[in-house]
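> Here are the chains, one letter per residue:
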Amino acid sequence: MKVDFKHIQAAHCENGVTTNLLKHIGINQITEPLAFGIGSGLFYIYIPLLKINNGPAIAFRTMPGLVFKRTCKALNIPVVRKTFSSKEKAQLFLDLKLFEGQPVGCQVGVYYLSYFPKEYRFHFNAHNIIVYGKENDQYFISDPVMENVTSLSNFELERVRFAKGALAPRGQIYFPKENTIVTDSQICKGIKSGINRNVRDMLRIPGPIAGISGINYTANKIKKWRTNLGLEKAKLYLAQLVRMQEEIGTGGGGFRFIYAAFLQEAYQYLPNDKLLETSELFTKSGDIWRNAAVQAAGIYKGRLSSQNDFDNMSKYLYEIAEIEKNAFTALSKIKW
Amino acid sequence: MKKTDIPQDQSSLNNFTKEICYALDETGNYTTNLSTGWDIKASALNVAWVDIENRIANAKEKVLNHEASPILFYMELKLMDITILSAYTGFYKWTVKRHLKPEIFNKLSDKVLKLYADIFEINIDKLKDIKLNES
Numbered sequence: 001m002k003v004d005f006k007h008i009q010a011a012h013c014e015n016g017v018t019t020n021l022l023k024h025i026g027i028n029q030i031t032e033p034l035a036f037g038i039g040s041g042l043f044y045i046y047i048p049l050l051k052i053n054n055g056p057a058i059a060f061r062t063m064p065g066l067v068f069k070r071t072c073k074a075l076n077i078p079v080v081r082k083t084f085s086s087k088e089k090a091q092l093f094l095d096l097k098l099f100e101g102q103p104v105g106c107q108v109g110v111y112y113l114s115y116f117p118k119e120y121r122f123h124f125n126a127h128n129i130i131v132y133g134k135e136n137d138q139y140f141i142s143d144p145v146m147e148n149v150t151s152l153s154n155f156e157l158e159r160v161r162f163a164k165g166a167l168a169p170r171g172q173i174y175f176p177k178e179n180t181i182v183t184d185s186q187i188c189k190g191i192k193s194g195i196n197r198n199v200r201d202m203l204r205i206p207g208p209i210a211g212i213s214g215i216n217y218t219a220n221k222i223k224k225w226r227t228n229l230g231l232e233k234a235k236l237y238l239a240q241l242v243r244m245q246e247e248i249g250t251g252g253g254g255f256r257f258i259y260a261a262f263l264q265e266a267y268q269y270l271p272n273d274k275l276l277e278t279s280e281l282f283t284k285s286g287d288i289w290r291n292a293a294v295q296a297a298g299i300y301k302g303r304l305s306s307q308n309d310f311d312n313m314s315k316y317l318y319e320i321a322e323i324e325k326n327a328f329t330a331l332s333k334i335k336w
Numbered sequence: 001m002k003k004t005d006i007p008q009d010q011s012s013l014n015n016f017t018k019e020i021c022y023a024l025d026e027t028g029n030y031t032t033n034l035s036t037g038w039d040i041k042a043s044a045l046n047v048a049w050v051d052i053e054n055r056i057a058n059a060k061e062k063v064l065n066h067e068a069s070p071i072l073f074y075m076e077l078k079l080m081d082i083t084i085l086s087a088y089t090g091f092y093k094w095t096v097k098r099h100l101k102p103e104i105f106n107k108l109s110d111k112v113l114k115l116y117a118d119i120f121e122i123n124i125d126k127l128k129d130i131k132l133n134e135s
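These protein sequences, in sequence, are chains A and B.
Letter 175 of the first sequence, counting from 1, is numbered 175 in our numbering, and no numbers are missing.
Letter 67 of the second sequence, counting from 1, is numbered 67 in our numbering, and no numbers are missing.
Treat the hints as calculated values from the structure; they're not laboratory data.
Keep in mind it's a predicted model, so treat the numbers as computed, not measured.
Be a bit skeptical, because a hint or two may be false.
What the hints assert, rightly or not - In silico DSS-like pairs for lysine-lysine, Cα to Cα no more than 25 Å straight-line:
#	chain 1	residue 1	chain 2	residue 2
1	A	K233	B	K97
2	B	K18	A	K118
3	B	K93	B	K60
4	B	K3	A	K274
5	B	K111	A	K87
6	A	K82	A	K177
7	A	K97	A	K73
8	A	K118	B	K126
9	B	K2	A	K325
10	B	K78	A	K51
11	A	K69	A	K89
12	B	K131	B	K111
To be verified - From the derived model, a few chain B residues whose C-beta atoms are all more than 10 Å from chain A:
#	residue
13	Q10
14	L77
15	K101
16	N123
17	I124
18	D125
Stated by the list, open to error - To spell it out: a stretch of chain B is covered by chain A in this simulated footprint if at least three of its residues, at any positions, have a beta carbon under 8 Å from a beta carbon of chain A; those stretches are:
#	segment
19	21-32
20	45-55
Heads up, the beta-carbon is just placed ideally off N, CA and C, and yes, glycines get one too.
Take the sequences, apply the hints, and build the full model.
Okay, structure coming up:
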């Protein structure tokens, strides 16, 4: 069986799964930037002490799963979300849903994801794909970051659905429960609540590690990396920062460009010039994130190595923090 | 970033897919375009892989010097750490750490060895080979 399903490529996997599943139930207004913005996807956090792949734990986006959850909630779309302790039950439920004609979102680990290039297969468990059919032993897969659809065998799919470690998917499956109609006024409401929540996340989370404070915190840390970690390890840390920021799935500039696109689209629903002005600020911020990546690359490729080079890297981040602070402050002051 | 500035560099994605980037068109509106990759992030990924290869080489040396059990080598080879290996085996982290010691490893039952071997996608004989032939 194969569900009549349209694969549309996205920059980020969860945005893509959200957009494609919602389009499938007839919500034609939804786009990747709208899903990202309504789901308050933009974020920044540096979690000290925690190590990922022996490097720092840095994220430019919100917790996995939240974009889908928040977008559906904001648009009053009921959701089914299930995890499983039994692999057999997980497969039975998946097969049942496919039989009913329901394409489903699945959280998977990428280490065993056979169609990914080897270079990208780390133990990262928050990838999202859509399964939209099954024929004999093969499942039809729509991986939103890919141009084309693909497939996985029963065994391969089970293995990635039950990958272990941090953020283990435990067979997680999710989809909109029923077809609903979403009005433009609901989209407007979702845009407002999405922006307000993003303002809160970036400006008002207490403590130094998250939001704008987190960017400044990272800048402070980077200045000390050369002395505290030694040059070699500092290079590894900078490379990890750049990967989290620019790798496939970010849309470039640490998701800032997607957010800038969201604000432009939001303007179509809520014509307030402040949205266009802040969109420009996020474009600028994304551009500086990219300049910072070029600076970081100078260091990890060995062209730059002095303390001054690390200080300059920090300066980029201070500048970004200032711009994003202004942008979110401007958003917080919009009278809707 | 302007659409015309979207990098089209060589990367490991080349035989896999192009990726979507968001950028501004001539009129200042956001649009998307495909990218083959960016040299800056291709080299970041390369840095990560050089580190992994170093870790594997160090682990190999420790095993050959009888300072660690082959589990350490295969753990690094599979890009795992103690936390991930603990999650896959179901053993506590301190138990996994004990299994990294050669003298403890030598006393492990075949049942436990089979569990590790399956996770590492090898057979027991290969796991027990402390000379790491063909690895």
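> Work down the list of hints and note, for each, if the structure agrees.
The hints, checked one at a time:
1. Taking the CA atoms of A:K233 and B:K97, the gap is about 24 Å. The hint holds against a cut of 25 Å.
2. About 16 Å separates the Cα atoms of B:K18 and A:K118, which keeps this hinted pair within 25 Å; it holds.
3. Distance restraint check for B:K93 and B:K60: the Cα-Cα separation of roughly 21 Å lies within the 25 Å cut-off, and the hinted pair is therefore satisfied.
4. For the proposed pair B:K3 and A:K274, the alpha carbon gap of about 24 Å is at most 25 Å, so the pair holds.
5. In summary, the hint linking B:K111 to A:K87 is supported, as the alpha carbons are separated by about 22 Å, within the 25 Å threshold.
6. Restraint check for A:K82 and A:K177: satisfied, since their Cα atoms lie roughly 12 Å apart, inside the 25 Å limit.
7. The suggested pairing of A:K97 with A:K73 holds, with an alpha-carbon distance near 22 Å, which does not exceed 25 Å.
8. About 23 Å separates the Cα atoms of A:K118 and B:K126, which keeps this hinted pair within 25 Å; it holds.
9. Restraint check: the Cα-Cα separation between B:K2 and A:K325 comes to about 23 Å, which is no more than 25 Å; the hinted pair holds.
10. For the proposed pair B:K78 and A:K51, the alpha carbon gap of about 17 Å is at most 25 Å, so the pair holds.
11. A threshold of 25 Å between alpha carbons decides the hint, and for A:K69 with A:K89 the separation of about 23 Å falls inside it, so the pair holds.
12. For a cut-off of 25 Å, the pair hint linking B:K131 to B:K111 stands: about 22 Å separates their Cα positions.
13. At roughly 12 Å, the least C-beta separation between B:Q10 and chain A is larger than 10 Å, which holds for a residue marked as non-interface.
14. Its beta-carbon lying about 12 Å from the closest one in chain A, B:L77 satisfies the requirement of being farther than 10 Å from that chain.
15. A cut-off of 10 Å between C-beta atoms confirms that B:K101 is not in contact with chain A; the least separation is 21 Å.
16. Separation of B:N123 from chain A is adequate, the least Cβ-Cβ distance of about 18 Å exceeding the 10 Å criterion.
17. The Cβ of B:I124 lies farther than 10 Å from every Cβ of chain A, with a closest approach of about 21 Å, so its non-interface assignment holds.
18. At roughly 24 Å from the closest C-beta of chain A, the C-beta of B:D125 stays outside 10 Å, upholding its exclusion from the interface.
19. Using a Cβ-Cβ cut-off of 8 Å, 7 residues of the segment 21-32 of chain B lie near chain A, which meets the minimum of three, so the contact claim holds.
20. Counting residues of the segment 45-55 of chain B whose CB lies closer than 8 Å to any CB of chain A gives 6, which reaches the minimum of 3, so the coverage claim holds.
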